[in-house]
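There are 2 protein chains.
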Amino acid sequence: MAQGDPDHFPKLEHLGDAVQYVELIHEIIQHIDLFDDFDEDELAHFAAYMECYRAPAGTEIIREGDPGDFMLMIIEGTVEIMRKDTTGVPARIGNAGPGKTLGEMSLIDGEPRFASCIATSELVFAVLDRARLTHLIADEPRIGVKILMELLMLLNQRLRVVSKQLMQCLEKRLPRIS
Amino acid sequence: MAQGDPDHFPKLEHLGDAVQYVELIHEIIQHIDLFDDFDEDELAHFAAYMECYRAPAGTEIIREGDPGDFMLMIIEGTVEIMRKDTTGVPARIGNAGPGKTLGEMSLIDGEPRFASCIATSELVFAVLDRARLTHLIADEPRIGVKILMELLMLLNQRLRVVSKQLMQCLEKRLPRIS
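Residue numbers (my numbering), protein chains in the order written: chain A, 162 to 339; chain B, 162 to 339.
Derived from the structure by calculation, the hints contain no laboratory data. Take these hints with a grain of salt, some might be off.
One copy or two, it doesn't matter: identical chains are merged, so the pair holds either way.
[Stated by the list, open to error] Lysine-lysine pairs mimicking DSSO-like chemistry, simulated, CA-CA at most 27 Å apart:
id, residue 1, residue 2
1, K333, K245
2, K325, K261
3, K307, K261
4, K333, K172
5, K261, K245
6, K333, K307
7, K245, K325
8, K245, K172
9, K307, K172
One chain only, chain A, in its complex shape (with noise of 0.2 Å):
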């Protein structure tokens, strides 16, 4: 972690950044969605910006509502993701495992957290945040533009996804005009 930089998880072992693990990324990218199009040198360059924590099984590594400027990318483990009803009761809204990202949203609007998430077994995961990134494409812009690209094709598939499901829930829900 380069002076000056935030320890988002200061309660966790810190593993350092995350070029250890290029290899074993590499060898999960065909499972990785924001990494289809990187080859090994810039997944190398990628990982020196992203610093890398072990979390136990039960961590709540992210918590609904909670501000928060940074995604993850699970590199080993589980976990289930989790968000309260409008009567505060929490329901288990998916769940994701290695190369998968959480978080993006709030990376990119600082807004609070959507919902929280939860290790289910012991974790590895790589923290990026805002202040990385903008240093990033600073940096390397070819990389940069490359993860901005990537990112939006993640969140443009997840809205076509949430999108219909959204008009086929309120089609049932409505009344019938005919």
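Given the coordinates of chain A, work out where chain B should sit on it, guided by the hints.
The following block gives chain B in isolation, referenced to the frame of chain A:
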């Protein structure tokens, strides 16, 4: 339009590039989500990469299901946004006026259009396609990164809204397990 560039609207009046509208764009800039962070000089550079068209009221400028790799920015006039329900009946899902952008999802992924856009008045709009965006990023990386960031923020904001609506809709539909 540079030689070899596709004409996305061969049946409409082609008005040339968007540089002529920079002052108008600057005037309505407080309503233009996509350009909040652009100064006039950056806008002028960006505008040179967009082509403008005029369409009479009633024109379907984007058709649900069609292929497409461009987005539009409305400069003058209004559109309504329609999407077919599962039985094929079109329903109005929104409307948009000056400064709003349409079709970003297909610009990014080239997948079929999610909804149709029909001019509800005479319309002047600017077009940005993937080839031009790629050129812009290569020629003017600083402005290119800014546009990608703005697109990210736009899609991100929309994803938060739609995800929240979906959660609320599902909650109302599903029987509560208590």
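To see whether the hints hold, each was checked on the structure:
Taking the shortest Cα distances, K333 and K245 sit within 27 Å of each other both inside one copy (23 Å) and across copies (14 Å). In the homo-oligomer, the alpha carbons of K325 and K261 lie at most 27 Å apart both inside one protomer (22 Å) and across protomers (21 Å), since each shortest distance falls under that limit. For a Cα distance limit of 27 Å, the shortest separation of K307 from K261 qualifies both inside one copy, at 17 Å, and across copies, at 26 Å. In this homomeric assembly, K333 and K172 never come within 27 Å of each other (Cα to Cα): the closest approach is 46 Å inside a single copy and 38 Å across copies.
With identical chains, the CA atoms of K261 and K245 are at most 27 Å apart within one copy only, with a shortest distance of 22 Å there and 32 Å across copies. For the homomeric pair K333 and K307, neither the shortest alpha-carbon distance inside one copy (39 Å) nor that between copies (40 Å) is at most 27 Å. With identical chains, the CA atoms of K245 and K325 are at most 27 Å apart both within one copy (22 Å) and between copies (11 Å). Taking the shortest Cα distances, K245 and K172 sit within 27 Å of each other inside one copy (25 Å), while across copies they are farther apart (50 Å).
Taking the closest pair of Cα atoms, K307 and K172 never come within 27 Å of each other, the shortest separation being 32 Å inside a single copy and 35 Å across copies.
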